[in-house]
Each structure stands twice: as structure tokens, then as C-alpha cells.
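Trainee: Chains as they are written, first to last, in this note's numbering: chain A, 1 to 254; chain B, 255 to 508; chain C, 509 to 812; chain D, 813 to 1116.
A hint or two may mislead.
[Unchecked claim] Label-pair distances were calculated between CB atoms; the ranges are:
1) Ala716(C) x Ile1102(D): 21 to 27 Å
2) Asp146(A) x Asn1084(D): 27 to 33 Å
3) Gln7(A) x Asn1103(D): 36 to 42 Å
4) Gln653(C) x Asn16(A): 56 to 62 Å
5) Gly447(B) x Ala716(C): 14 to 20 Å
6) Lys819(D) x Thr710(C): 24 to 30 Å
7) Asp822(D) x Glu58(A): 55 to 61 Å
[What the hints assert, rightly or not] Just so you have them, the derived chain C footprint on chain D, three or more residues with Cβ under 8 Å:
8) 816–827
9) 874–886
10) 919–926
11) 998–1009
12) 1033–1047
13) 1059–1071
14) 1107–1116
[Stated by the list, open to error] Calculated pairs, DMTMM-like style, for lysine to aspartate or glutamate (alpha carbon to alpha carbon, straight line, at most 20 Å):
15) Lys278(B) x Glu778(C)
16) Lys709(C) x Glu1058(D)
17) Lys278(B) x Asp297(B)
18) Lys1013(D) x Glu778(C)
These are calculated hints, taken from the structure and not from any lab test. Each residue gets a CB set at the ideal place from its N, CA and C atoms; glycine is no exception.
Listed below, chain by chain, are the residues.
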Amino acid sequence: MKDTLSQIVYHRSIGNDYYRIGLKTGWASFQPGQFAMLQVPGDGGVLLRRPFSLARQEGEVSEILYKAVGRGTRNLVKLQPGVPLKILGPLGHGFSSSEVSGPRVAVAGGYGIAPFWEWSLQLAKLGHRLQIFYGARTKTDLLYLDELRDAGAEVQCSTEDGSAGFRGLVTDLLREQFPNGKVGRVYSCGPWGLLQAVGQWCESHSIPAELSVEEAMGCGTGVCLGCVVQNRAGKYFRACKEGPVFLAEQLKLN
Amino acid sequence: MKDTLSQIVYHRSIGNDYYRIGLKTGWASFQPGQFAMLQVPGDGGVLLRRPFSLARQEGEVSEILYKAVGRGTRNLVKLQPGVPLKILGPLGHGFSSSEVSGPRVAVAGGYGIAPFWEWSLQLAKLGHRLQIFYGARTKTDLLYLDELRDAGAEVQCSTEDGSAGFRGLVTDLLREQFPNGKVGRVYSCGPWGLLQAVGQWCESHSIPAELSVEEAMGCGTGVCLGCVVQNRAGKYFRACKEGPVFLAEQLKLN
Amino acid sequence: MSRLNVKLGDLSLKNPVIAASGTFGYGEELENFFPVESLGAVATKGLSLKPREGNPMPRIVETPSGMINAIGLQNVGIEAFIEKKLPYLESKQVVVIANIFGNTLEEYVEIARCLQPTSVPAIELNISCPNVKAGGMEFGNDPVQAARVTEAVRSVFNRHLMVKLSPNVTSLPKVACAVADAGADSLSLINTITAMAINTKTRKPMIANGVGGLSGPAIRPIAVRMVAEVYRSVKIPIVGIGGIGELNDALEFFIAGAQAIQIGTATFVEPNAAHQLVKDLDSYLKESGINHLKELVGTLKWPS
Amino acid sequence: MSRLNVKLGDLSLKNPVIAASGTFGYGEELENFFPVESLGAVATKGLSLKPREGNPMPRIVETPSGMINAIGLQNVGIEAFIEKKLPYLESKQVVVIANIFGNTLEEYVEIARCLQPTSVPAIELNISCPNVKAGGMEFGNDPVQAARVTEAVRSVFNRHLMVKLSPNVTSLPKVACAVADAGADSLSLINTITAMAINTKTRKPMIANGVGGLSGPAIRPIAVRMVAEVYRSVKIPIVGIGGIGELNDALEFFIAGAQAIQIGTATFVEPNAAHQLVKDLDSYLKESGINHLKELVGTLKWPS
Ligand SMILES: Cc1cc2nc3c(=O)[nH]c(=O)nc-3n(C[C@H](O)[C@H](O)[C@H](O)COP(=O)(O)OP(=O)(O)OC[C@H]3O[C@@H](n4cnc5c(N)ncnc54)[C@H](O)[C@@H]3O)c2cc1C
Ligand SMILES: Cc1cc2nc3c(=O)[nH]c(=O)nc-3n(C[C@H](O)[C@H](O)[C@H](O)COP(=O)(O)OP(=O)(O)OC[C@H]3O[C@@H](n4cnc5c(N)ncnc54)[C@H](O)[C@@H]3O)c2cc1C
Ligand SMILES: Cc1cc2nc3c(=O)[nH]c(=O)nc-3n(C[C@H](O)[C@H](O)[C@H](O)COP(=O)(O)O)c2cc1C
Ligand SMILES: Cc1cc2nc3c(=O)[nH]c(=O)nc-3n(C[C@H](O)[C@H](O)[C@H](O)COP(=O)(O)O)c2cc1C
Ligand code: FES
Ligand code: FES
């Protein structure tokens, strides 16, 4: 974890308000699921940094996949290569590298796919293949498909409108593929509703699951207590420090 | 006066924190001494627009000459051609086009030279030659020299350190050149100390003088009353509306 | 745009967007940008009994997402206003809210008396200006004083009486209740928050007056909170003010309980801000299938 | 850096930069960025008698140049603090200021009693937290209550007692004087300003608690004004807080009358902010030929 004055190396629109930004962080590596707090332009009084999953480390360059949704990200879009930006990271705890018996399955929703690019690559190096179930609203919200396949992952998609892959929720696709829940471990990243459904399904089949949560963050370093999630005993944990990846059993899923 | 979403056409450093920025305003023309309120990037909570003299209108493009001094201008520096910026103008009252008997003399300090580029051109068109006395701290603070000469003006410079032209204050140069004060009309733009000295000298020789003042501005449109200057009776006038160019006799010069 | 009309007690506005006092001159200055009559109303610059020259310069300074001002109520005085400025506004048929300010209770009453025989449909009682030495602020900071001046003005002016509250108090609901009981028809809030910035080179305040009033987006969250609080404690209509620039800002105030809003500092940045907001509000209601603005007012879901 | 050392009454700090309560955890979290002992002091997260889980989510939201928080004083409780968190800070030999908070006067006293036998050299009495239902705020908003709790804690804790004031009052000097008379050794100000933001889609507050506390650059001009006001009315040392991020911000507070300052929200944006400020302050004094920071304190030139 350190704060780096990086430079934008590339910055590309990939349609539908999604962007890929490459920053020269010089970081050696990161654990997929870890994130960074990125400085965004200060227009309109934007003060805090924004949290983004780290998607890829290639040499000195770290990639982030982001969707322009609000004041900060919409202004970020305007910055061109060469512009310096502060980035604090890698932060938090990513997916675990523990031994697994049975298929390793990732379930991603929307830009929640980001960590699974690097994760596919890292697992491939260890001789494992990640089976990714990837849900989105529509075809153009499916991102990184080529990258994931090149990384050795097996990707099955679903869209809500049926414009690509399975029509429906990605968790339905998952249920269909593993009717008996014969899965070694599940890694999931996406909206809370997805994490809940994944967590509950895994629980019902006693599959160990790791869920990457998304909470508003003030600091990313554990000092503000603004990003907490509750465990089943009602105790709060910091998403930025103890998470963002938690074991499903640690989280209050309803 | 209108508010235009213009585009940066060019943006060039000319050394020493000075920049020339060209904006596609589509304005037909302006009266030299008039100014515009320019949007600057909002980093650090910058809220208000910034006032700048209009230096030149060429076709659809208006030029501003600015010095990067604070939060707003230092962030402005980073913007590249193509970026859209709102600009409100032309605002206020510029130098008057009244008949003059005797030489027309401009006295400028620092970036106060800006309005005299267009003014030289406009006067030249009417067959008049502007005699410019231009003072700055040092050689590299002397700007637009070629432009002014190309515009038909006669330029005499002074620098405080003697690195170019007369060594000393531009008002001393002026006194030296016109010991008897045989001048038709004086136009001046620069720091308050310069305007005071120019105003007092003109008064002692009964030369009509027009002084362009620089005050902090909230709105530029006359509604905030934040930019006032006092006349000799202690009454306040708005620099953005009744000014920024005032007759010396209207201003309390001490 | 009938979905936008508002009735503040007996005062009808065609829409809820009002130009805030001190940020719109006397209504003439921005006629190049939009017709003043497109606004719900215009609150004039604060008017005093005699003309005032206001404070020395510098009078304004930018702060993060805000600005401090200490104009010191420079204005033409009530007489010149009625003679020279009011006719323009009358000719435009825009609702005029005369913002008034006195050094003493008697001055407030005297100004209100001058306005009674005019066409001005509403007074906004400024008991909250931090930029003058005597009067103003003291009234606004004390429920008893605030009620006294409200009552006194009430007794000489029989049209709409709006009272503009100072945010620089421990309990705004207390002042609000006192003022409502004393006969105010509506409340407008908030005025600026007393603030200071220092030039660290000269070690002088950035504003000649020393302190001034903070306005702009920086204070919006404080203003929204105060509107929501006051809405829970008084029954008379509330006009929300503080850092409103665009649609979403205004919606926050309506949801918190404001029936109308005022645009201040935003007009400095975007001369067209108030006019644009009227249009954006109308489109918003239309697109959201909301029949009338009042369906929004006070719909805030407080946590249980 | 001897030009930076500060004596707040009997409390010696090696420099005037303090990490603000609730923005620096228990001092361990940022050890990757700089040695905690490079700061003048660390104010702990607000400590209560029993552990507190704090408020539900969402707890924070960004506003223009600021943020609102309603963490609700999530903390380990005084006992676990002393056992588990204090040893780390003791090992670093950094000055610890224990920020404490009670629901009742008795709780305040009880916590202070627990701290008396420890090594903690100073208590910061938080009578100003807007994010809990009972206690806190009420003490801070009323001079009499503020004095009562100060006096009570004073009687059981014999080292440095700093009292942290709430800005949500009509007259901060009144509260400041009452607290000083009741035995406070120093005052820290300001805590956050009560504020609200609304999600206009759901019509719910952006913060689960409804209201929260506004911090960050947006409130700096208000904080500077309050420090300048309080400096004129009390003799005990003042610690300035509110939107301080960089050198010039801190200088404003020193000139206004603060002998030390705290860095809060800035640490979220720049984990290194407090540490950097120590260095920048030292360079500034050196380059300006100022022998000691105290030459700056309270040098504000008020307008005559
Ligand atoms: C651990 C983590 C990983 C993330 N990874 C990605 C990613 O890989 N790609 C991506 O596009 N987005 C990601 N997000 C969401 C991303 O942080 C938000 O979209 C972004 O902060 C929105 O900023 P804004 O200024 O555009 O929006 P605004 O709405 O203007 O932001 C206002 C405030 O709310 C916060 N906020 C708004 N939306 C979210 C959100 N969904 N989650 C958390 N905070 C939010 C902002 O950080 C900011 O503080 C991640 C969030 C977290 C917590
Ligand atoms: C009529 C007029 C014409 C001007 N013409 C030019 C010009 O042609 N070229 C040029 O370089 N500058 C010009 N200036 C000065 C220019 O407006 C300031 O340099 C600029 O506003 C500084 O902004 P900042 O954000 O960099 O500084 P900051 O110090 O961060 O600004 C903070 C606030 O103070 C105001 N301010 C700061 N310095 C000045 C100043 N000198 N005059 C007025 N307001 C100030 C800003 O507008 C802003 O509101 C002119 C000013 C006026 C009033
Ligand atoms: C430059 C300036 C002058 C003001 N003058 C007055 C005034 O004369 N009377 C008054 O009641 N309020 C006055 N105000 C306060 C505004 O009407 C408004 O209450 C305040 O600025 C908050 O709104 P805003 O954040 O939208 O600006 C003034 C505000 C500014 C910025
Ligand atoms: C997330 C957060 C938590 C805080 N927790 C506390 C607290 O526990 N006790 C306290 O006295 N102040 C607390 N504060 C207030 C700060 O210490 C400080 O007074 C305030 O934020 C203003 O300073 P700033 O603008 O530099 O942040 C908290 C502030 C924030 C932003
Ligand atoms: S984001 Fe501040 S503690 Fe997690
Ligand atoms: S800048 Fe607002 S009146 Fe001149």
C-alpha cells in the first residue's frame, strides 16, 4: 500500500460509458480483489478519491476498468494520457489463494468482472482454470471477453435481455450448470443483490465463497469507518481493510 | 454580452507563467478594455469564473493573455485544445473612441498590455497610431512586442532591472518622453500603483486619462456589488459594469 | 407549466424559483440573458431607510465551493427604490419581494410603511445579515427579538410577510416558531453563514470588514438540514436557500420541505441559472409523472 | 524543528500538528505512510465507556468540498482501548490525546477515571458530536451544561484537559468562556457542522442516520472565523480544526489564534497530509525568517 503520483499511460472508451485506464504505478503486483483509491478531477467540489478494483498489472502499468456514473468519473473521462494522477494502493484483501478441490468458479456482474482478468491469469500460472459466469444487463455491458479468454478462463455469459448468452440472471445460469452444487470455491464481485444470491446458493450447497463488496469509501486506509459491512452477529468490519473480499459466512446476507 | 460555450482553439505557453489562449467565441468584436468571465477548472473547489481582458478578436476566435498565478489559472494551464469552456462577455466598458487632439498614449504594466493589442489595431484602422509605454519587472515579462509593432503601434519599454529598454518605472519613462505633458489622451491598464501614478501625472498636466482597473469580481454582470471602486465623493461604482475603464477624474486615486 | 405554480399563503408565484436578495441587483441587470418575468419572483437587494454605500473593498473572496461576501448592504434606499427601480419590475409584471433591513426596529417599521402603499406584494424581512455592525444579526439570533421585529412590521404591512432566518444559531426551529407565531406568512432560509478567510501574507482578513457571509454549494448540506428541521416544527411555508445551482440541488430542498427556493451565488457563475432551473424543474416533473410540484414537498423519509 | 514545538499549558508537543479524532483510527493504520511519532500528537477515535458498534450504513457522503459523516462513534470502548490500542501508541512515544464521549455526565466521568491511572497525557472532551441520539450535542450547545461536564471531568483527571467545541451554536465565545472557567486547559474547535444530503431518487437522507457532521475544506472559513472569535474572548490555548489540508490553511488558523491545529478529512484524501504539513510548516518558518511558530499565533490584523 502506497500513494503514487502515477501518469495516465492510456485511456480508452470501450463503449456504453465504460473506460479502460492504464496508470504507470510501478507496482510489482497485486492480489485480485484488491483495489485502489484514485484521484479524480476536482470539478464541482469533488474532494474524496474514488475506489476501483485493480484489473490488471502489466509491467509498470496498472489497469482499471471503470464506468462513468457520477461527478468524479464523468470528469475523469476527459483526462488524456500524460496527465498525472495520484493513486493509493493496492488496498485491502483480495481473493484467497487457498487450496481448492473442485472447480474454481467466478460470478461477476457488470464491471464486477474487473478483478477476474488478473485472477484468471494468476490462476492459470498455477495451472488452474477459472470458470467465469458473467452477467450483465445487455450485450454491450459485457466487458473484457477477449482478455478473459486469452487469460485462459472459460467464460459463460448471461444478459437480462437475452442479447448475448443465457437470457436471465447469472445466478440462474449458475444453478443450471451446477444443479448439484459440485463446485470447489466461488469468487464473486458485483452488485449487492448478486452477492447475496451467490452467497445464499453457495451456503445451501456448502460451497466456500468469497464475496467482494462495494461500499462508499472515505479513506480506503481503514481510518474513517465509513465503509463498514455487518457480520451475522451485527458486528461491523471495514470493507477497505478487512475486505473488500469477505468469506460469505462472515457477512449478513439479508 | 452573452454566455458562450466556446472551445479552446489554441493554448500556448509564452514563458514565465504567461499563456495565450484562443477561444472560439464567435463574437463579432469587442471594445478594447472590455473583459470576459472565463470558466476555469473546478479543482480545489474553485467556484467563480475569472475575469480577463480581451486581447484580440480574429474571426471567430477571441484571445486572452493570462498569467498563471493561483488555483484557477494554474489549473487552466492544463487544458488542451478542443476542451469546451464557458466564457461570458464582452463585459463592461472599454476605452472610449472619442476624438483626440495630440498623441494617443497607452501606459501598460505587466499583463495589462493585453487590451492594447486590439486597441492598436482598431486605432490603426482609423488612421491613428498608438504610442505605447510598457513597463515590466524584467525582459521576459514583456509580452506581445511583435504583435504590437505589427499592429502599427510604437512601443517603448522599461524594465525594473534594466534587462530591456529603459531601466526603471514606466511612468519615469513617460515623464522623460513628455516633459511638458503634451499628450492628447492617455489609456492605461496595469496594477493599481501604476494607474495611480499615471492618473496623477495626467491630472497635473490636464491630460484626459482612461484607467482600466482590476478588482476581484464575483459575477461580472453587475449583480453582486463585489467589484466596486470609489469616486472622489466616496461613492462606489462597479468595475464590471460602469468600468473597468474609468476616467481618471472619476476615481479616488489615493 | 401549471405544475410549477406555488401559493405561499396568499402569495401566488408562477413557479418556485426566486432570485435571491443581493444576487440579482434590482432585476434589470440580467435582462440580456432571460426575461425576468420567467422567474417565480425576484427578491431585491436589501433595502434600507437611507441609501447605503456599503463596505470598503475587498468585499468578496472565493473559498472552497463557496464565497464570502461583506457587501455591507450597499443599496439605493427605500425611496429611490420605489421611484427608480420598482417601475421597471412593475412593467415586467414579475412578483417583487422587497428584502428590507433596518438598524433598529423603528427603521424596519418605517421601511415597511413606505412599501405598504406600493404595488410590492411581499416583504422579505432580513433579520440575518452578518455584514453590518448594528441591528440585523442581533434580531435574527434571538427568538424574542426576531418575534418583536416581525410583529412590528406585520402591523404596518398587510400583504405577504416573509422572514429570512439566520443560520448562525443553536436552534433554528426556535427562532422559526417565534417568528411564525408573531405573524410571518412564510420563512426563507438560510442567509449566509458568518465566516472568515485570512491573507496569510498580510495577516489581514481577505475581506475588509473582517468577517463576511459564506454562500454557495459549500453551505448547501447545512441549509438542507435546517430546512428539514424547520419543516418539522412550523406550519407556514418555507422558501429554501443555500447553494442551489441545478435541478438536483433544488429537489433536495423541496423534498426537505421547501415550497419554493431561491438562487443566489449560482447566478454569479451562470447568469442563466435561475431561468434554466425553471425549465429543468418542469421537464423533471413531466418526465417523472409528477402532476404538481407540491407532491414533492416535504416527502423526505426520515429514518425511523 | 525546535521552532515548531508547542506548549498547550502543561502539555508539550514537538510540533503543532495533531491527527484529528475519528480520522486517524487508533494511530496504527497509517504506519506505512509515516512514523506516527512525527506528529505533535494523535487524538484517538472517540472513546465511550462500553464498545459501540456505531450507526448503520451508509455513514458517509461527499458534498461540495466536504463530506458528511455519521459514524456514530463506533469504537472499542475505553477498556479495550487501554488494553489493546494504547500500548502501540506508548511504544511509539507519541503524545496521545484520548477523545472521550459519554451519553451522560456520569459516563464522561467514568471514562476519565479510567484514563487517570494510564500514561495518557491528555483528554479531549467531545461535547459536540452530532451523531448520537443522547448526550454529546446537548452538552456542547449549552454553556451551562458544557461547564458542568468540564468541571466533573476536571475533578477526576489531573493532566491536560482539552474541550472540543461544537460549532452549532449562536455564540461560541460564550461556551468557550464557560468551559475555560470550569477548568479546561485548552479548547479545540471546531467539530463538524450538522448537515444533511438527500437522495432525490429514494427521497431518503444519504446517510442512514438522517443528519451527520460536515467536515472538510467547505467548513474552513467558518472554523477560521470561530477560532478568531474565541481567541478574542478566552485566554487558554486554542487548537484549530476544520478543513485544514495544506500549509496555507494551517497558517490561517495560527494567525487567527490557534497554537496547534488538527488534520481530519484531509488524511482521507492524502494519507500523508499531516506529516507533510509538519515539514511544510518548518520550511515556511525557516524561509520566512520566523524564529518560532508562536510569533505567528494570533497576529491577525482586525479591521479597525
Ligand atoms: C472496492 C470497490 C471497487 C470498485 N471497483 C470498481 C470498478 O472496478 N469499476 C467501476 O466502474 N467502479 C468500481 N467501484 C465503484 C466506484 O467506486 C464508483 O462508481 C465511483 O466511486 C463513482 O464515483 P463518481 O464520482 O462518478 O460518482 P458520485 O456518485 O458522484 O460519487 C459520490 C460519492 O459516492 C461514492 N460512490 C458512488 N457510487 C459508488 C459505488 N458504486 N461504490 C462505492 N462508492 C460509490 C463515490 O466514491 C463518492 O465518494 C468500486 C467500488 C468499490 C468500493
Ligand atoms: C477586468 C480584469 C481584467 C483582467 N485581465 C487579466 C488579463 O488580461 N490577464 C491576466 O493574467 N489577468 C487578468 N486579470 C486578473 C485575473 O482575473 C486574475 O489573475 C485571476 O482571476 C486569478 O485567478 P486564480 O484562480 O489563478 O487566482 P486565485 O488567487 O486562486 O483566485 C481567487 C479569487 O481571487 C480573484 N483574483 C485573484 N487575483 C486577482 C486579480 N489580480 N484581479 C482580480 N481578481 C483576482 C479570482 O478571480 C478568484 O475569484 C484581470 C482582472 C480583472 C478584474
Ligand atoms: C454578494 C451577496 C449579497 C447578498 N446580499 C443580501 C442582501 O442584501 N439581503 C439578504 O437578505 N441576503 C443577501 N445575500 C444572501 C443571499 O440572498 C442568500 O441567502 C445566500 O447567499 C445563500 O444562498 P446561495 O448559496 O444560493 O448564494 C447576499 C448574498 C451574496 C452572495
Ligand atoms: C469520519 C469522521 C469521524 C469523526 N469522528 C470523531 C470522533 O470520534 N470524535 C470527535 O471529537 N470528532 C470526530 N470527528 C470530527 C473531526 O475530528 C474534526 O473535528 C472535523 O472533521 C473537522 O475537521 P476536518 O475538516 O479537518 O475534518 C470525525 C470526523 C470525521 C470526518
Ligand atoms: S474507507 Fe475509510 S475505513 Fe474504509
Ligand atoms: S463583479 Fe459582480 S457587480 Fe461587478
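Trainee: Okay, which hints does this one fail, numbers in order?
Mentor: As far as the earlier hints go, 2, 8, 10, 17, 18 are violated by this structure, in ascending order.
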